[in-house]
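A.B. asks: Given the coordinates of chain W, assemble chain F onto it according to the supplied hints.
Quick note, the sequences are listed as chains W and F, same order. For the first sequence, this note's numbering gives the first residue as 1, with consecutive numbering after it. For the second sequence, this note's numbering gives the first residue as 1001, with consecutive numbering after it.
Keep in mind the hints are simulated off the structure, nothing from the lab. From a predicted model like this one, the values you see are computed outputs, not experimental measurements. A virtual CB, placed ideally from N, CA and C, is assigned to each residue, including glycine. Every clue listed holds true.
Some residues of chain F that are not near chain W, with every Cβ distance over 12 Å (derived): (1) D1017; (2) S1028; (3) Q1058; (4) Q1060; (5) A1079.
Mimicking DSSO-like on lysine-lysine, the simulated pairs with C-alpha atoms at most 27 Å apart in a straight line are: (6) W:K55 to F:K1097; (7) F:K1097 to W:K66; (8) W:K66 to W:K41; (9) F:K1105 to W:K41.
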Amino acid sequence: GAVVSQHPSWVICKSGTSVKIECRSLDFQATTMFWYRQFPKQSLMLMATSNEGSKATYEQGVEKDKFLINHASLTLSTLTVTSAHPEDSSFYICSARPRGRQGLDQPQHFGDGTRLSIL
Amino acid sequence: GESVGLHLPTLSVQEGDNSIINCAYSNSASDYFIWYKQESGKGPQFIIDIRSNMDKRQGQRVTVLLNKTVKHLSLQIAATQPGDSAVYFCAEGGYQKVTFGTGTKLQVIP
Chain W
1 GAVVSQHPSW
11 VICKSGTSVK
21 IECRSLDFQA
31 TTMFWYRQFP
41 KQSLMLMATS
51 NEGSKATYEQ
61 GVEKDKFLIN
71 HASLTLSTLT
81 VTSAHPEDSS
91 FYICSARPRG
101 RQGLDQPQHF
111 GDGTRLSIL
Chain F
1001 GESVGLHLPT
1011 LSVQEGDNSI
1021 INCAYSNSAS
1031 DYFIWYKQES
1041 GKGPQFIIDI
1051 RSNMDKRQGQ
1061 RVTVLLNKTV
1071 KHLSLQIAAT
1081 QPGDSAVYFC
1091 AEGGYQKVTF
1101 GTGTKLQVIP
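With the rest of the complex left out, here is chain W:
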């Protein structure tokens, strides 16, 4: 149980293109999803917290107009990298926390990431 699917797994595109990444919880509902960015041989850095039906909360230093997040349902959050440039190339990973366990710590479940390469 608690499977998170991320799509696409790999994308290469030209500079200036906008890229959308989808994160789906397949067998549970997720009120909250998280988006991370990971550079080679480094840890995961939280970019933003995506809340169903409301605006995402961005971490300091993350441009909300650059990284658009939409969480329209309890099973889907999307991250759109707008007008992507080579410096946006990275491994983007989403995670989701099962709904209904308020106040009780539960581990996040992660997707398998999207490797984004901007030429």
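C.D. replies: Here is chain F on its own, set in the frame of chain W:
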């Protein structure tokens, strides 16, 4: 603040031996800790968690130890296997968000 490393420390272990991966956390108010395993090109996979009211928790072949006095967490893997080769991250936090540690690369020598 965030724990982000510029390089990954590596632990090399002979197959069949026990592995111990250590982690120092920064927030003394953290009350929930998780160990994740990340294989190359994949997302982190949950291994085991522990709450701050415990100092030890065991799973299948894995044990997590928590020392709140010195803000130290460790993951012990018994009878390490080649399939255990991966990067291991400790993470601290609760419902709102999780902060990841630097990570340790575990290399299992056949």
